[in-house]
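Engineer: Residue numbers (the numbering used here), protein chains in the order written: chain A, 9 to 393; chain B, 9 to 393; chain C, 9 to 393; chain D, 9 to 393.
It is worth saying that the hints were derived from the structure and are not from the lab.
Since the structure is predicted, the reported quantities are computational estimates derived from the model, not experimental observations.
There may be inaccurate statements among the hints.
Unchecked claim - The calculated DMTMM-like cross-link candidates involving lysine to aspartate or glutamate, where the alpha carbons are at most 25 Å apart (straight line), are: (1) 57(B) / 136(A); (2) 389(B) / 226(C); (3) 129(B) / 107(B); (4) 386(B) / 96(C); (5) 386(C) / 385(B); (6) 386(C) / 365(B); (7) 57(C) / 350(D); (8) 389(B) / 365(B); (9) 386(D) / 226(A); (10) 389(C) / 365(B); (11) 188(A) / 278(D); (12) 57(A) / 251(B); (13) 188(D) / 356(A); (14) 188(B) / 385(B); (15) 239(D) / 191(D); (16) 188(B) / 309(A); (17) 386(B) / 226(C); (18) 57(A) / 226(B); (19) 57(B) / 39(A); (20) 188(B) / 226(A); (21) 239(A) / 191(A); (22) 57(B) / 356(A); (23) 389(A) / 385(D); (24) 57(B) / 83(A); (25) 188(B) / 356(C); (26) 57(D) / 278(C); (27) 188(C) / 96(C); (28) 389(B) / 197(C); (29) 386(A) / 350(D); (30) 57(B) / 385(A); (31) 129(C) / 197(C); (32) 386(D) / 251(A); (33) 188(B) / 197(C); (34) 57(A) / 350(B); (35) 57(A) / 356(B); (36) 389(D) / 385(A).
Stated by the list, open to error - So these bits of chain A aren't anywhere near chain C, every CB distance computed over 12 Å: (37) 103; (38) 133; (39) 298; (40) 299.
Positions of the beta carbon are idealized from the N, C-alpha and C atoms, including for glycine.
There are 4 protein chains.
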Amino acid sequence: MRIRMGMVGGGAGAFIGDVHRRAAALDGQIELVCGAFSRSAENSSETGKSLFLDPERAYGSWQEMLGRERQRSSEQRMELVSIVTPNDVHLPVARAALEAGFHVISDKPATRDLSEALELKSVIESADGLYALTHTYLGYPLVKEARDLVAQGELGILRKIYVEYPQGWLSTLLEATGQKQADWRTDPERSGPSGCMGDIGTHAATLAEYIAGDLIAEVCADLTIFVEGRKLDDDGAVLFRTEGGAKGVLTASQVCSGEENNLNIRVYGELGGLEWHQQEPNTLWLKRQGEPARRLRAGVDQGYLSAAAHAHMRTPSGHPEGYFEAFANIYRNFAYAIAAHEAGETHDPLHDYPTIDEGVSGLAFIDAIIRNDRSGEKWTKVSRD
Amino acid sequence: MRIRMGMVGGGAGAFIGDVHRRAAALDGQIELVCGAFSRSAENSSETGKSLFLDPERAYGSWQEMLGRERQRSSEQRMELVSIVTPNDVHLPVARAALEAGFHVISDKPATRDLSEALELKSVIESADGLYALTHTYLGYPLVKEARDLVAQGELGILRKIYVEYPQGWLSTLLEATGQKQADWRTDPERSGPSGCMGDIGTHAATLAEYIAGDLIAEVCADLTIFVEGRKLDDDGAVLFRTEGGAKGVLTASQVCSGEENNLNIRVYGELGGLEWHQQEPNTLWLKRQGEPARRLRAGVDQGYLSAAAHAHMRTPSGHPEGYFEAFANIYRNFAYAIAAHEAGETHDPLHDYPTIDEGVSGLAFIDAIIRNDRSGEKWTKVSRD
Amino acid sequence: MRIRMGMVGGGAGAFIGDVHRRAAALDGQIELVCGAFSRSAENSSETGKSLFLDPERAYGSWQEMLGRERQRSSEQRMELVSIVTPNDVHLPVARAALEAGFHVISDKPATRDLSEALELKSVIESADGLYALTHTYLGYPLVKEARDLVAQGELGILRKIYVEYPQGWLSTLLEATGQKQADWRTDPERSGPSGCMGDIGTHAATLAEYIAGDLIAEVCADLTIFVEGRKLDDDGAVLFRTEGGAKGVLTASQVCSGEENNLNIRVYGELGGLEWHQQEPNTLWLKRQGEPARRLRAGVDQGYLSAAAHAHMRTPSGHPEGYFEAFANIYRNFAYAIAAHEAGETHDPLHDYPTIDEGVSGLAFIDAIIRNDRSGEKWTKVSRD
Amino acid sequence: MRIRMGMVGGGAGAFIGDVHRRAAALDGQIELVCGAFSRSAENSSETGKSLFLDPERAYGSWQEMLGRERQRSSEQRMELVSIVTPNDVHLPVARAALEAGFHVISDKPATRDLSEALELKSVIESADGLYALTHTYLGYPLVKEARDLVAQGELGILRKIYVEYPQGWLSTLLEATGQKQADWRTDPERSGPSGCMGDIGTHAATLAEYIAGDLIAEVCADLTIFVEGRKLDDDGAVLFRTEGGAKGVLTASQVCSGEENNLNIRVYGELGGLEWHQQEPNTLWLKRQGEPARRLRAGVDQGYLSAAAHAHMRTPSGHPEGYFEAFANIYRNFAYAIAAHEAGETHDPLHDYPTIDEGVSGLAFIDAIIRNDRSGEKWTKVSRD
């Protein structure tokens, strides 16, 4: 049977809820059966209707959803809760759902800040259910390939990591227009203590740590609010050093006028380098000094790619997979993990997915850059506990 | 309610059936309820199981599926048949399904050859059900944008159309190895009278006609079998002239060693040109002599794109949509058309989808290039009836 | 000593004369000592002055230049004549210069048409001087590399050649505005029997033949005058077959609005393919089915490039060389050939340059496509004698 | 008359001397008449011979060259000294040449360090001759365009500058192999107190300051020696703030294995952004939030480019100019400046060239990042006097 999922958030006007639903549907492992899509009961009900749900299962609040679903028969009731709300709601829903015996998959960041994330981590450790965090970019097959190439030693010892995430959509005071996405992301109450860096800097940090198989140990940061009237940083630049001895530069900005979602990473080791651009995710460059650069391309027919990449592709080369498919890889892998968990079997590590560890690490990064930026000291250590 | 779909073909080992299933699932408008996935009852049954279908609705043959589903209650029974078999099975299934009162969505080409397509067209004209043809590339939002820009006169009167579709996967006699995709595509019985041109040349022709809003009127072709032992063309090049007075070049090949699925089109008119590459489908170039080329990018936030493009996008700019999403646009639009049809309402023409007309036109193109290639005459007219 | 050069054509208002002068100067092997830069003595004199020439050596006509230079001492007099005039003047100057004992380097096409080219060829065969034709694109190091890779069998037997040369600058009746470049190029008297194809189609044909190491044997063409009032073709498309059994498509156009000088070539053989784009000339793609494409890059430090490429580069990788450097390679190689000739030594074949053979072949191609286009026959053989 | 130039450095085995010679020759304004090409008299003599110089004017030392050339007649003697030696020789030669009444054009950096640069600046201020510094990348036409667009306010107030310069050639201890370029660049005595940052970080800093029309005011740096046994930094990353209030990130590295000479810059202001890549120098991207990105392309026929760009291009669009042409723009502009100086005329500011101010600024940047890196303080002010 498909895994039955309920959703918190994702009503009309939201962006990411729709992404989660498509991602959950794509591989046919998960079925959306209920939701508390909005704090407005009417919005929730309308959303449920548009999704062809049983009207009784479009709830007016997540508390109601958890309570009522628990009372359903084991063949019917929701097994998994998907959290797609603004950040401030992540912790309470995840905690309540886990404590009620459900599995949880949550949009990132895991929580608003590091202390909340550590609290959630301890909840997870004592819960029976599983927890996944949708750090989308970790779902791309060529990101898996990059991680695998580094792990196999193809680059030798890593020296340099450059990761950048420029966007332009907050070049003006968009939140003043009532635009919903801008509104909550620039509000410390709902978003957390960082704006741009919390929103997309964490993506960049997590991607770097995932590919490098290494953790950011120390940071030196410069955070900025460029747009007058904004309450949180809309730009940041960070020098960093990893536990493994590599050095890096991480930049994220939402005031790079004209940029879309231009997440890029380059990693160099003693023996070569890798380059990946999220906007053209089906290409990965492998470079070595003195050799022609090799253009690795996604595709189920690409015999040269790793098992890690192959476990996350659906089409032959030249048929582009994108954002939904990367997202779906996380949902599918988590569905496999839940199925294994329920069956008492071992989950295949090829089907990896981000967990609270990535969540803690991302928020530890934010915590450290904020401390660094405020203190005036040059280097600040990242603390993950 | 979601539209209930049954599938013919798409069992284990097939490629395109899986694509159809994901495309149908992505927008939540269609539910797969049954299938005759293989001529092997066991394969069909196993496939149904992997898809979490009711075991009773994984049929051993399409004839059985049509017969048994007709007997189900109107709340339960399949409404739509998806045909994802090799080409030779397209006509018999489509005809039987339409005559049994079902809607049909079929993989391309519509049939093996022009005469079959014309026969199917007459079946469709007298049927109550609707018919759609999954010419995937017509589902891309920036292809819609290109068509719209041409239609709005942004390029002026069209002069030149260059469309090319190089692949490399048949550079060797792959069919001799038993590779399933190669096997039937190079077999005249199952594929029809043309190999490469029927398989991908029709994609190129249909894309050109769609964007230009014009039909290919005359062709001058050179078809080739490069790989010894092959039974059908694995390469073709065609000069053409359109009804509207443009001139063009269409090439398709499956022996361009190292190429993936590199469908590209460029169109030039008196005032400017357009360029689109399927492997990077979220970018469309608009060029005008004496001005900087403009890079149009897909995204729900791109205010400068047409309503036609906006009706077919799901993500903000910089979050790549790809092959499944284009495919899903055809399924979703067809679901909307069926819903409107059933409700006696008018279907919104923004939600267009390819029909038997595109099917006939594609096979008329193949018919003409084969006649031209065999006759030795320079120019051969395309006949669509 | 540097080789002393005189120039015919290239006065104020000309484009290509300036290119020739810079190309000749770049490698320090050639010194411009005189010129008949214009039919206007005043223009010629002014041009000479701007080039810091001895005022006595800025001549009012090429006849005068040939006559007066012959009378100079052997240490002083011009040794080489560079012809940079419109096409109609190529034959008379080249013939007279060769008959007067000078070496000749000429802009392409060699002459207006095939019969003139054959006449020139016989003059060259009986002259003592050498003759070079500046088919610029043959001077690019990665074009040399491509030719070498094909010759070494890296692609196996060639199957397909795609070469295209779209420009947009004649999208309107520019010649009606008095624009000098457009004026003579669209005038049959000065340009020859073909416009676009003679001007840039010959570049495409010559490039294809050079890289393939093969000759175009048969053509099937469609030539067009798109702009009303124009006297010569501004567009052409050609299917072709080579002596070696490959098939190809050649297109050239001057009405592709928005295109600059977008000469591209792709070549595929049994084992792989090559791709080169003139507008980014320092990159050459080498593709093989089932392997990552390799991006070969120009640079004196690229150990993997052939001797043929290395003989034509000046900078380390990443320091782009371009049009002048390609042009200069032809001048420098010809200077080496002249020096070897004068010294009675053998010229190193690595330092190759286009000769009258490329000139004849290009005009034989034009001759064949015009005959084909007019005759209505499908295939027309190319005759080179 | 052409300006007569002598060269110091650039004998057999050198790289940059050859570049300077070609750049000086390209526009026909300068004539190389003499040189002290090497500390080896034999090398110098051989080099002179290969350049077809008067054997008497290939000197064994720069001191000899300065002395002997001063004694020549004013029609004959060298007017301009080109310095293409390792950095340690820049100051003594430039000082002596200027004091002897010659003009000087020098490879960068101006000197080994800031104090030398300030000393040179005071020499220049009291000399009659002019001084130019070949910061090549400032010679590219689209860099001029970028600077002009910023100056015209097309981007609004600048917010962000990202400039990066990754190379890979020092990924190993190349200096231990005796490779000449690596040898002196990693030797503090000849190179100065910084390796990578002095060599290419200064290029990046100067490019950023030039395009922004602004100066780097504060830096926070992390410099590294990655390759064991190396004496100077082979990598650096710098956060910076400008006098005008923009923030930026500058990275330079010579251990990015597989990278060639990948200098890139992106600049964002309130209204839009610019992007330029040195390896494809004929394209400049202009982006604005909510509009298609515009691809500006070099070419004398591009009416939309500024006068600043047009003053530095030679070919129509699509005929790539590159490194030598950018270099030649500096030489030509300096030749124009010398001619104006000698004629007592005003030099046209369109023909700008880098001077000791850029030299001081680059070395002040190096001075500040070294101080910052050593001190442990977070931000260090750049001092230019």
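Engineer: Each hint should be assessed against the structure and marked as holding or not.
Structural biologist: Comparing the hints with the structure gives:
1. 57(B) / 136(A): Between residue 57(B) and residue 136(A) the Cα gap is close to 28 Å, so the pair fails against 25 Å, i.e. violated.
2. 389(B) / 226(C): 23 Å, holds
3. 129(B) / 107(B): Roughly 13 Å between the alpha carbons, so the hint for residue 129(B) and residue 107(B) holds.
4. 386(B) / 96(C): 33 Å, violated
5. 386(C) / 385(B): 6 Å, holds
6. 386(C) / 365(B): 30 Å, violated
7. 57(C) / 350(D): Status holds; Cα separation ~19 Å.
8. 389(B) / 365(B): 18 Å, holds
9. 386(D) / 226(A): Cα-Cα ~14 Å, so holds.
10. 389(C) / 365(B): 39 Å, violated
11. 188(A) / 278(D): Since the Cα atoms of residue 188(A) and residue 278(D) sit roughly 22 Å apart, the hinted pair holds (cutoff 25 Å).
12. 57(A) / 251(B): 47 Å, violated
13. 188(D) / 356(A): Violated: residue 188(D) and residue 356(A) sit about 53 Å apart, past 25 Å.
14. 188(B) / 385(B): 36 Å, violated
15. 239(D) / 191(D): At roughly 11 Å apart (the allowed maximum being 25 Å), residue 191(D) and residue 239(D) satisfy the hint.
16. 188(B) / 309(A): Holds - the C-alpha atoms of residue 309(A) and residue 188(B) are around 13 Å apart, at most 25 Å.
17. 386(B) / 226(C): 14 Å, holds
18. 57(A) / 226(B): Status violated; Cα separation ~51 Å.
19. 57(B) / 39(A): Holds, at about 16 Å.
20. 188(B) / 226(A): Violated, at about 53 Å.
21. 239(A) / 191(A): Holds, because 11 Å separates the two Cα atoms, which is no more than 25 Å.
22. 57(B) / 356(A): 21 Å, holds
23. 389(A) / 385(D): Given that 25 Å is the threshold and the Cα spacing comes to 16 Å, the pair holds.
24. 57(B) / 83(A): Holds - the C-alpha atoms of residue 83(A) and residue 57(B) are around 18 Å apart, at most 25 Å.
25. 188(B) / 356(C): Roughly 53 Å separates the two Cα atoms, so the pair is violated.
26. 57(D) / 278(C): It is violated: about 49 Å lies between the C-alpha atoms, which goes past 25 Å.
27. 188(C) / 96(C): Measuring from Cα to Cα gives roughly 15 Å; hence the hint holds.
28. 389(B) / 197(C): 36 Å, violated
29. 386(A) / 350(D): Distance of about 52 Å is beyond 25 Å: violated.
30. 57(B) / 385(A): Not OK: residue 57(B) and residue 385(A) at ~61 Å, beyond 25 Å, violated.
31. 129(C) / 197(C): 21 Å, holds
32. 386(D) / 251(A): 21 Å, holds
33. 188(B) / 197(C): 60 Å, violated
34. 57(A) / 350(B): 19 Å, holds
35. 57(A) / 356(B): Holds. Residue 57(A) to residue 356(B) sits at ~21 Å (cutoff 25 Å).
36. 389(D) / 385(A): 16 Å, holds
37. 103: At about 46 Å from chain C, residue 103(A) clears the 12 Å cut-off, so the statement holds.
38. 133: 42 Å, holds
39. 298: 6 Å, violated
40. 299: Residue 299(A) is in fact no farther than 12 Å from some Cβ atom of chain C, at 7 Å.
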